[in-house]
Amino acid sequence: MRGDLNLEDILTDRAAEEDFLEIPLADKVFKRFLLIAGLAVLAIAVQLVYVGGVSHSFYEKRAILNMSDVKTEVAPRGIIYDRFHKPLVANEPAFDAVLIPSMLPVQSEQRVETIDKVSAILNLDTAEVRKKIGERDWSLSARLVLKNNISHDELVAVTAAELPGIETDPSFERIPPSPLAFSHLIGYTGLVSEQDLSEHQDLVIDDQMGRAGLEAFYDSYLRGVDGEKMIIRNASGKIQDERAVREAEIGDSLNTYIDRDFQNYFYNRLQTTIRDLGRNIGVGIAMNPQNGEVLALFNIPSYDPNSISESLNAKYEPMFNRAVSGLYSPGSTIKPLVATGALVEGILDPLHQIYSPGYLDVPNPYDPSNPSRFMDWRPQGWVDMYSAIARSSNVYFYEVGGGFGDQRGLGISGLRKWWQKFGLDQKTGIDLPGEDTGFLPDAAWKESTKHEPWRLGDTFNVSIGQGDFAITPVELLDYIAAIANGGKIVTPRNVRDAEDTKGTVLLENKESVRIDLSREAGRAISLVRQGMRDGVTKSYGTGYLLHDLPIDVASKTGSAQVSNNTKTNAFFVGFAPYDNPEIAIVILVENAREGSLNVVPVARDVFLWYYQNRIKK
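Note that numbering that gives the first Met the number 0 numbers the sequence shown so that position 378 is 377, with each residue one more than the last.
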């Protein structure tokens, strides 16, 4: 039948053409056909030109991506140096174990087997690895870091296993020369989270960022720019070629005021004392009181920045930076501040004497036979301001702080006024994360929180640095630095500047005076300084052990009773040389056996080392 034939039949069977009846077609049919054919040819030609020319690179990249992945080249973080350009932390080559889901075996059983094998090699919990994979937002990256800084044995084992979808990428490990002595100062790094990505637009998943210490505070400078490599694979997933897309750029360097050798000595010396006492917690900070340059800052216990998991839930909270975040009753180390305020307010004559039989009895109007007794730490006899500071007489400062008999006192409002003048209700501004602020109690606070009136005994307690009054060790040192320099509250600074690889200074931390009391309280401070010097030179002084040092030291000790008077925290603050101080220190030992007597020998050795190695010409 003619209806069963088509154009292809006709063209391929020329011999049968004469058997068909020829019926002429209208001209418009041919014109339409030619028009359609012409348009089709033109469209093909345009597409060929577009694909082969204009969009050649685009389609080439698409083709490459179909059989490749982008590997990040981790940029080395900037080096952190001490004041003598000795590294406090440096980079060591390392390797990360990485999972690439697209390269895992197709069969689910084989995928599970691969994940189980790599978990065993890397000593990872298989369930945790699977959870990590399941919770991953794969739109952020096609790769997942299973473990950073794998050991040499793990590297060899992973490589030898030849597990599909598992690779080892070159990276860097941050290595401090003395991990425990510098961990709270330097801090550590960790992988970014999805929350970090939302807060920092310049981060990508699997980046490392600072998590504590200077690593965190100056992360934007220390973090370099990661490089990228295009990994080309064949159909079976074997790497055929690598193309550099962007070279990695090292981060900026930090130059600090820290004295590496001094901090090592200070840390080890205090660590020895704490161990010998059978105790566990301490703090040491040293600073130039003239300009706020931090020479040393550490906490005990400490932690290894490259073994964070071991310290997260460890006893005594080794990752807690007590130096800037711990709140403590400062004990008698607050007495120089109380004396300064009383002198300026005109309620204290430095030569006026107060008698201390070893206690102060406050009459009880309801029971005269049962007065409220406030203890001195020993009978002091007649003391003026100088000897009261040197001896650390509690009775003297009970009366100066709270008033008693004929002696006027500052009262809680006056005490709080001078705490604030010395900045104890503010952060010092030290360049470390997590700094806390002192707590300054008053009558209104007690009434609103404890629903009790503020009593004279409360004022007595805070006058000697106890009760609910609490400040951080760095706040304590900052106020003592102001006593040392004549009245200027300076901002503590760890970092001098940040510079790039070309030596261009990108950041400079200049000296900053937050509060200047030199005009208002300069004369009073000079008198208080003499009392602190007497604490070293007089045989009755609590710092007399320092009297024969080759450098003139002024000091104040403190013992604060805590935990319902079951424990005593020991403090030492001091500065030297007396006439022109270059160093001020604070030492804290929690739950010291004999109070401040245990920290004075540490202070002696610290000052002696600094004199012999840094001041002596």
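There's no promise every hint is true.
[Said to hold, decoys possible] Derived EDC-like pairs (lysine to aspartate or glutamate); straight-line CA-CA distance at most 20 Å:
hint, residue 1, residue 2
1, LYS416, ASP515
2, LYS487, ASP457
3, LYS537, ASP515
4, LYS228, GLU198
5, LYS509, GLU519
6, LYS85, GLU72
7, LYS615, ASP515
8, LYS537, GLU519
9, LYS228, ASP168
10, LYS131, ASP81
11, LYS537, ASP578
12, LYS85, ASP578
13, LYS566, ASP206
14, LYS416, ASP441
15, LYS509, ASP424
16, LYS85, GLU112
17, LYS228, ASP424
18, LYS445, GLU434
19, LYS131, GLU248
20, LYS487, ASP441
21, LYS416, ASP360
22, LYS501, ASP168
23, LYS116, GLU172
24, LYS131, ASP195
25, LYS130, ASP205
26, LYS130, ASP152
Quick caveat, the hints were computed from the structure, so don't treat them as lab data.
Each hint, compared with the structure:
1. LYS416 <-> ASP515: Judged against 20 Å, a Cα distance of about 15 Å means the pair holds.
2. LYS487 <-> ASP457: violated (29 Å)
3. LYS537 <-> ASP515: violated (31 Å)
4. LYS228 <-> GLU198: Measuring from Cα to Cα gives roughly 26 Å; hence the hint is violated.
5. LYS509 <-> GLU519: Judged against 20 Å, a Cα distance of about 25 Å means the pair is violated.
6. LYS85 <-> GLU72: Roughly 27 Å between the alpha carbons, so the hint for LYS85 and GLU72 is violated.
7. LYS615 <-> ASP515: This hinted pair is violated, its Cα atoms lying about 31 Å apart.
8. LYS537 <-> GLU519: Distance ~29 Å between LYS537 and GLU519 Cα, so the pair is violated.
9. LYS228 <-> ASP168: holds (11 Å)
10. LYS131 <-> ASP81: violated (39 Å)
11. LYS537 <-> ASP578: Given pair LYS537, ASP578 holds - Cα atoms ~17 Å apart, limit 20 Å.
12. LYS85 <-> ASP578: Violated, because 30 Å separates the two Cα atoms, which is more than 20 Å.
13. LYS566 <-> ASP206: It is violated: about 45 Å lies between the C-alpha atoms, which goes past 20 Å.
14. LYS416 <-> ASP441: Holds, because 11 Å separates the two Cα atoms, which is no more than 20 Å.
15. LYS509 <-> ASP424: With a Cα-Cα distance of about 23 Å, the restraint between LYS509 and ASP424 is violated, given a limit of 20 Å.
16. LYS85 <-> GLU112: violated (48 Å)
17. LYS228 <-> ASP424: Answer violated: LYS228 to ASP424 is near 52 Å, above 20 Å.
18. LYS445 <-> GLU434: Not OK: LYS445 and GLU434 at ~25 Å, beyond 20 Å, violated.
19. LYS131 <-> GLU248: violated (30 Å)
20. LYS487 <-> ASP441: Distance ~26 Å between LYS487 and ASP441 Cα, so the pair is violated.
21. LYS416 <-> ASP360: Not satisfied, since the Cα-Cα distance of roughly 27 Å exceeds 20 Å.
22. LYS501 <-> ASP168: violated (28 Å)
23. LYS116 <-> GLU172: Violated, at about 25 Å.
24. LYS131 <-> ASP195: Given pair LYS131, ASP195 holds - Cα atoms ~17 Å apart, limit 20 Å.
25. LYS130 <-> ASP205: holds (17 Å)
26. LYS130 <-> ASP152: The hint is violated at about 25 Å.
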